[in-house]
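Sequences are here, hints too, so could you generate the full structure?
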Amino acid sequence: AQSVSQHNHHVILSEAASLELGCNYSYGGTVNLFWYVQYPGQHLQLLLKYFSGDPLVKGIKGFEAEFIKSKFSFNLRKPSVQWSDTAEYFCAVSPMNRDDKIIFGKGTRLHILP
Amino acid sequence: GAGVSQSPSNKVTEKGKDVELRCDPISGHTALYWYRQSLGQGLEFLIYFQGNSAPDKSGLPSDRFSAERTGGSVSTLTIQRTQQEDSAVYLCASSSGVLTYEQYFGPGTRLTVT
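Chains as they are written, first to last, in the numbering used here: chain G, 3 to 116; chain U, 234 to 347.
Possibly wrong hints are sitting among the right ones.
[Unchecked claim] In silico lysine-lysine, DSS-like type, Cα no more than 27 Å apart, as pairs: (1) G/K80 - G/K63; (2) U/K290 - G/K51; (3) G/K63 - G/K51; (4) U/K290 - G/K103; (5) G/K108 - U/K244; (6) G/K71 - G/K60; (7) U/K290 - U/K248; (8) G/K51 - G/K80; (9) U/K290 - G/K108.
Don't read these hints as lab results, they were simulated from the structure.
Next up, the structure:
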């Protein structure tokens with residue numbers, strides 16, 4: 003069965019620090035990978051996604067993620083965080099070309115100190 | 234509408250009562266999902282609809298939970314004989330089901346069972 007593991011449950015950083023949130027998945031086949039973000043009081047929204055091609059994916063607000071197939075990982079990165087990045091971040095995975103089996107990780111709460 | 238809407242936004246109910254939660258997806262979206270978000274548990278997949286059919290009901294936590302979708306649009310999640318452990322935020326998402334598989338989330342219904 004598919005599963006998604008987010009290693010960090012709660013991360014606290016100062017502004018301008020670099021960020022990396024870990025995500026590992028387990029699934030034997032080809033996958034689609036996603037990062038979603040939920041800002042305080044707002045809906046979940048898509049941050050970035052990987053379907054195929056370049057394993058380094060650029061998303062909104064300066065975020066990027068790298069798909070490393072051999073490690074079953076899809077870590078989220080940002081070189082310099084801002085206070086407005088305070089949010090909860092969810093990694094998600096689905097089998098390639100299927101929209102019925104999207105499994106989310108438990109989320110990482112990111113708190114940026116001003 | 235412009236986005237996914239859910240009603241009610243908040244629901245407080247007594248243990249043992251039945252509740253109905255409603256989701257209005259984005260017009261034209263064929264895929265609809267229900268999730269449960271509990272503190273520290275991330276997003277728990279409940280059920281997926283493609284059109285009016287739900288090919289996968291395996292995520293429903295017990296037979297007290299049921300869901301239906303009519304006219305390929307509005308969906309209702311029903312919880313019978315609510316228990317305190319049902320307290321959570323219930324999220325609905327919809328997707329066009331084509332190419333991107335991006336899910337658009339609603340604001341959720343916060344259910345509190347007293």
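Quiz item: Of the hints given before, which are not true for this structure?
Solution: No numbers; nothing is violated.
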